[in-house]
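Taken in order, these protein sequences are the chains called B and C.
Residues in the first sequence are numbered from 1 upward in steps of one, following the numbering used here.
Residues in the second sequence are numbered from 1 upward in steps of one, following the numbering used here.
Don't take every hint at face value.
[As the list claims (entries may be wrong)] Once the Cα atoms are required to be at most 25 angstroms apart in a straight line, the calculated SDA-like pairs of lysine to any residue come out as: (1) B:Lys585 <-> C:Arg551; (2) B:Lys585 <-> C:Lys23; (3) B:Lys585 <-> C:Glu507; (4) B:Lys23 <-> B:Gly67; (5) B:Lys585 <-> C:Val514; (6) C:Lys585 <-> C:Val514; (7) C:Lys23 <-> C:Ala618.
What the hints contain is simulated information worked out from the structure, not anything from laboratory work.
Protein chains: 2
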Amino acid sequence: MDHDAVRTLLDGRWAPVRERVRKLLVDPAPRPDPDWDTERQRAHTTELARELAAGGLSALGFDAEHGGHDDIGGSVTFIQTLAQADLSLMVKAGVQWGLFGGAVQALGTESHRRLLPDVISLALPGCFAMTETGHGSNVAAVETTATYDPTTGEFVVHSPTPTARKDYIGNAARDGRMAVVFAQLITPNGRHGVHALLVPIRDEQGQPCPGVTITDCGRKAGLNGVDNGRLVFDQVRVPRAALLDRYGRVAEDGTYTSPIENENHRFFTMLGTLVRGRVAVAGAAGAATESALTIAVRYAERRRQFDAPGRDDEVPLLDYLAHQRKLLPALATTYALHFAQERLVGRLHDVQTGGTTDETAQRELEGLAAGMKAVTTWRATHTIQVCREACGGAGYLAENLLPQLKADTDVFTTFEGDNTVLLQLVAKGLLTEYRDHLGDLNGLQLAWYVTGQVLDGLVERTAARRIAARFADPDPDDPEWLHSLLADREEHLLAGLARRLRRARDEDADPFEVLNGCQDHLLAAARAHVHRWVLDSFDQALERCPDQPTRELLGRVRALYALSLVEADRGWFHEHDRISSSQSKAVIRAVNDLCRELRPHAGALVDGFGIPDPWLDAAMLSP
Amino acid sequence: MDHDAVRTLLDGRWAPVRERVRKLLVDPAPRPDPDWDTERQRAHTTELARELAAGGLSALGFDAEHGGHDDIGGSVTFIQTLAQADLSLMVKAGVQWGLFGGAVQALGTESHRRLLPDVISLALPGCFAMTETGHGSNVAAVETTATYDPTTGEFVVHSPTPTARKDYIGNAARDGRMAVVFAQLITPNGRHGVHALLVPIRDEQGQPCPGVTITDCGRKAGLNGVDNGRLVFDQVRVPRAALLDRYGRVAEDGTYTSPIENENHRFFTMLGTLVRGRVAVAGAAGAATESALTIAVRYAERRRQFDAPGRDDEVPLLDYLAHQRKLLPALATTYALHFAQERLVGRLHDVQTGGTTDETAQRELEGLAAGMKAVTTWRATHTIQVCREACGGAGYLAENLLPQLKADTDVFTTFEGDNTVLLQLVAKGLLTEYRDHLGDLNGLQLAWYVTGQVLDGLVERTAARRIAARFADPDPDDPEWLHSLLADREEHLLAGLARRLRRARDEDADPFEVLNGCQDHLLAAARAHVHRWVLDSFDQALERCPDQPTRELLGRVRALYALSLVEADRGWFHEHDRISSSQSKAVIRAVNDLCRELRPHAGALVDGFGIPDPWLDAAMLSP
């Protein structure tokens, strides 16, 4: 295996950005003392964020005309690489330059974008105040209001109920001066749905602005370097120009106009411009998983326990099948997700910098971002947990870094979109090409309107594919066989879902009951889609690998990824008559065989992630 | 459902002990501030432990003649109930009164037991110094030595290498005065294997004793109220009487004698007396899971998100199938494990207080304790994670208690025996009635010597059972069908394992390779055994329930437990021709149906755990 080839493949299109982050933050590594109190952790994180801004990395994703570099992919790569150095810093940076700065850039117009140089330099620390105590997943239903008062030309921002409180807002408890506040826009003519406004929350002295009550979310499971807080607005007045008005404008006299007529469509277009945050979280989760696996694999290579006949020394943990089973399929999956993430970031970059107005490409990007975010963050939670356990008591000590990785990444499964909600969106997106007419995050009704045409097409495609997969030779080593299994599962699940929905619609059943009854089916379909897309991404990466022996080895990693998916879901493949009992047993054996085969390469495979040693300074790995 | 009947059933045989703990620690609840530094958390925990001692609870498990109450079951119930109040306190108490005090009582003789009143009162805080940096799972290979010097009549306790350092030792970093130190016993006649000695580690002023170097393990993922530390001994001399000499004695002239000749057998007999710790950890993990589920179910009942057609208000989370799927099978499993734990504690009590010398009962107890510890702690880690995610961002805030539950219980999967190692012991124990001749935690060779007789018996029993299960009606509601599926899986896995081992032995294959290749099979067999035993325990509990409607409802809970196990492992049942595709799909449907059926009872079911409100004071649940 050619180490450079693997490294080049993994570092990918934005390798130079990865290298800049690695160089900037290694001396010293940004490791907070785990015994620091919350305030000291926050101060440390803010200090590090200033270093990043000074180093110029924060500018990457912004418009060139406002001090940026128009490098969307670079900006996401920057954020996700930070996750290997310090996850609080990653989230702090993500809030400031991704969410806050990103909203100003994407939802604002020229007058707002003039703030961007201060956003980039951190002279203007900001918040992204969308989630409320009462509404997180259903953000279209936030209760905060922004009511236009034509007599003064101002908006009145207000929290009408206790549940309208903005909650979990990063940068709010300590540092933020300004917030992008999402609120129901009301003019004398009526309500226009959720819009975003720039609302100052602290003055130059750091005191809350009049009418703004700021409280602290306090200690969290992790990410305690990020100052999450709560904002309550009591009739706070801001000028008309505070409205980020790219998708909705209020004239001085109170007349509302928008380039997008449908309120739902408008809101989801606005949300769609913010997809970058979700992509970055997926990448950060993957990056943190790489850190954990690097630590656990290196420990498993050196840690020995129990004698074995015919061996002089005790056996290294990684020689045990049970230990290989814990770490190596996880490593293969992490490679797969890494390549898929690289592909996703590339697509994000191309869609957002290409000036494309291709709605289909945008919708597909949103679906992939949602699906990858859910799958990658759940894998991260699971894998980091397994890594902790694989290091025994040592893995529980802060000095060995795994506790912090675990605690910091835990919230990824539910922030930037709850995973369970996201996967349902993915499935519904796949079911319909008509989302524009249905665009409504209150998605239970969403798939209801799927046209017969779409369903029929799906049913037909699946039938053909099914036959192909069923009669294939049961060869776990055949890349085509694995691909056809995963692709067939995806299509069968989608077609089955479509059939269930159509039947229920024809029978005029209660939509809530029907869709609720399908929830597990929806989730399975979405997962199957992502798994197949990730496998495709692995195949594309293999094609880019110039070194034949490396490509072959990575081909085995790819097989382990796919086989471990089939193994985990082999109940489904049986139920649907896709694999025989002997094929199923062959899959289990093949996973075991691949674990043994890849075991000698595990160290080199984690080295490929290229994480600087100072970021992995676990005491148990010291010489 | 009769709430009192459920509560009585769950509180079980040691209900009065549960009530004492609940009353002692509710005003105020022992909640440390999550922002406290490590020292302050430790001081708080020590203070609480003193309250427990003052309240008399610490005496429960000790001999009546030394100030105790001979109530082993009560002492374990006491420790596991603490887990619902404060997990650091539970571990601190477990170290002092379970591990340290338990070792003095079980391994010492009269002169040592005279210390017990001071152990009970906490006048003598102590440590259990078994694990070393180099050896955790393979404790028979600890490197610390205790060499008898007949010229002075003393033992010299010494750490000969860096890896001989005692590590992760609770009570060592701050409070401990004395340690039970496990060391290789050496006399002029030779080595006698691992024995335990009482070694003072701090003087009256709290300074380390001469030759003892104490360092701090520092911050951990959780349990930061417990002062874990490291001990290094440099030729520390202790009197001959320091040896806990119930199972091995050194005369003044250095002559070694023991009631148990075989060194391995002796060591595992000594370890066997300490089984209580493992039982308590299983119970504590279950108890913490009950706390997490109570919080998550109550939140899911009140938290609403998304409108649905025909409903006035948004839909409570617990009405969604996906949410029910997260919480209700977990709740059913938690009930099942609760009843199994009650049974296990009862058996422990009866074995340890009955003065029984029945080796089979003791071995079976050890196997069940190991298996229950592994299964319950893994379920705890998984379920508490799911509960955290089911509460979204709120679940990530310390004020909602789930982060602390997660972080504190995380280490349970690897301490008091690594789960993966424990499950292998369970399987090997099941394979042989001849453990005495094989007794060796270096267990890779263990199952090697299984006699043909045992195997043949297993193979026959399984064949009969298999036919019964296979042709049964596919009725997920039939308790017998579920039981026969689980019992058949257990026996088939064991018999298959035995056949593989016998074949390999006949072929004279390399034992390490063979046993390593079977590791996943071993783990599956052990899990299947525990799952079936837990189901039996549920059935026994149902028989004790006097109220018919309650028994029926709990019967549905039992069905959900068993069905969710079958569903999770349906790939196996297919592969082995135990269920058809239609049965498999019926199982999935039955799980969904049971989720819907039990949803209205979820609140009452978690109320049944009887956790005092002050222990569940989550901000998000405040009125």
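We went through each hint and held it up to the structure:
Distance hint between Lys585 of chain B and Arg551 of chain C is unfulfilled; the C-alpha atoms sit about 40 angstroms from each other, more than 25 angstroms. Taken as a hint, the Lys585 of chain B and Lys23 of chain C pair is broken in the structure, with Cα atoms around 54 angstroms apart against an allowance of 25 angstroms. Distance restraint check for Lys585 of chain B and Glu507 of chain C: the Cα-Cα separation of roughly 23 angstroms lies within the 25 angstroms cut-off, and the hinted pair is therefore satisfied. Restraint check: the Cα-Cα separation between Lys23 of chain B and Gly67 of chain B comes to about 23 angstroms, which is no more than 25 angstroms; the hinted pair holds.
Of the supplied pair hints, the one linking Lys585 of chain B and Val514 of chain C holds, its CA atoms being roughly 18 angstroms apart against a limit of 25 angstroms. With a C-alpha separation of about 36 angstroms, the suggested pair Lys585 of chain C and Val514 of chain C falls outside the 25 angstroms cut-off, and the hint is violated. Between Lys23 of chain C and Ala618 of chain C, the direct Cα distance comes to roughly 19 angstroms. Compliance with the 25 angstroms bound is thereby established for this hinted pair.
The structure is inconsistent with the numbered hints 1, 2 and 6, although it conforms to all the rest.
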